[in-house]
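S.K.: Sequence:
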Amino acid sequence: MRVSLIGSIDRDLNSTYEQFVPVAPRLPLDSQVNPLDEAKLATRYSFSNYSLAVEELTFYSQQSLLDELAAANTPQQKDQLFLSIDALRQATRRSLAVDTQRPIELSQAELERLINSPDGRLTLNRSVAVAANVQPTLMRLLVLLVPFQAPELTVGEPAKLQDPATAVGLRLVYVGRNLSTVQHLLDQLKNVMLLLFGVGLVTAGTGAYALAGQALQPLRRVQRAAERIGGQNLTDRVPVPTTGDEVESLARALNAMLGRLEGSFEAQRRFTSDASHELRTPVTAISGHAGYLLRRTNPTGQQAESLRIIQSESARLTNLIASLLQLARSDSGALVLSRQPILAALFLSDITRELAPLAQAQQTTLTAVGEDVTFEGDPDRLKQVMINLVSNALKAGAQTITLRSAQVAGEVRLSVQDNGPGIPADQLERLFDRFYRLEDSRSRDQGGAGLGLSIARGIVDAHGGRIWLESESGQGTTAHVQLPIGNVPVLDEDDVP
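In the UniProt record's numbering, the protein residues as written are 1 to 497.
Note that these hints are calculated values from the structure, not bench results. Model, not experiment: these values are computed from the prediction. Keep in mind that the hints are not guaranteed to be accurate.
What the hints assert, rightly or not - Beta-carbon label-pair distances, calculated as ranges:
#1 Q362 - R221: 50 to 58 Å
#2 A87 - N191: 42 to 50 Å
#3 N133 - D12: 16 to 24 Å
#4 E278 - Q340: 28 to 36 Å
#5 L189 - N133: 21 to 29 Å
#6 R353 - Q303: 22 to 30 Å
#7 K190 - D12: 16 to 24 Å
#8 S338 - N298: 43 to 51 Å
#9 S473 - A285: 43 to 51 Å
#10 E371 - F265: 24 to 32 Å
#11 A71 - K190: 47 to 55 Å
We put the CB at the ideal spot given by N, CA and C, even for glycine.
Kindly produce the complete structure, drawing on both the sequences and the hints.
M.R.: Laid out in structure tokens, this is it:
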């Protein structure tokens, strides 16, 4: 843009010079125009937007200047040549709209460039002291070397073209145009461009964000649906958008994978259920026959010990089979709950009273404290959960176990806190995996198949609650069961035992 404007100004300066040459003899340079001389007044003010100046080099031509410049072999000779040229320029200088006390000056290098230029012209930007202006004005300046011929050259009188045999001279003609308007226009254009760029950037960014959000919306729906699907709801599927792109392909691939997982889990569940059913009858028969032999025969000491081991292991297998059947029902959603109102404090007190002999046998203090919150649940299933948590604490060697109840955020929280050895943080969630046990747990020496917490989680999930562990090594463990209160009827005093 700037280059284009400067080029336009240079063309205008050439045009102005062509207009200036014919009327130069009629212009009263460096003098006041007689206001009654309308012709001269009009001629002068036809160049009101320009600064003009003329300097004459008598008896010089561009070639003679080139010859003398070439002959100046030393810097001193070159300086002397330019001093003589400057003296002629100053003596013959005339100007229009240029302060005579601060004329247009060319440096020695610029004057040398002008002399050496093939067409005798030089274009440059220069601050010019315009008449009646205090501060210099930045101008685009065209300087030309113009030959002329005249019999006698008198400063202040116009030269007329004569016969070629007459004396030869050069004029330095300066035509300058103010660049402040151009600079102002460039500044305005720059501000407009910056504004348009900013508006465009904001618009493009907003549009890109909106388009990206719209394009990613189907993917977000697929993501949210995939995050909701877990081991308990493998029948769910992610929505398939009709976008015809990679997102639709991804959703279909996820649904196909979920279908395969569901089939695999269902096959595993059926195997567990069927195997448990098939094993229950022979294990019961083994236990019955071992008991019959102990009661009805007179086995030797070693035989009696073997029969008792058979009976003990049969009982353990029976418990394991019962646990596997319960997990299978939980996985299939067939776990039936018998919901009824439960008083939390009374519920925990009953568990404490039931497990007191077991705790006393291990010299463990077992207590129940907390709020008497009423909630809805299956007391038998929840009792199984709490007994499992207390049993785990006893197996860990805790000396103090406290059962607590509290109402938290509109739900009831049942907790089992112990002062046992604690559990490493990276093991807390894995304890809910089936058949998983801590390597250093005392429970390995006290039986247990590693299914208790898995069963507990299935029961709590069926109640719409959640179960988790909090522990630090050496600081004890706290197991939390948080359940929705549910639709609990208002109890009268007669309903509370």
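S.K.: Looking back at the numbered hints, which does the structure fail to meet, lowest number first?
M.R.: 6 and 10
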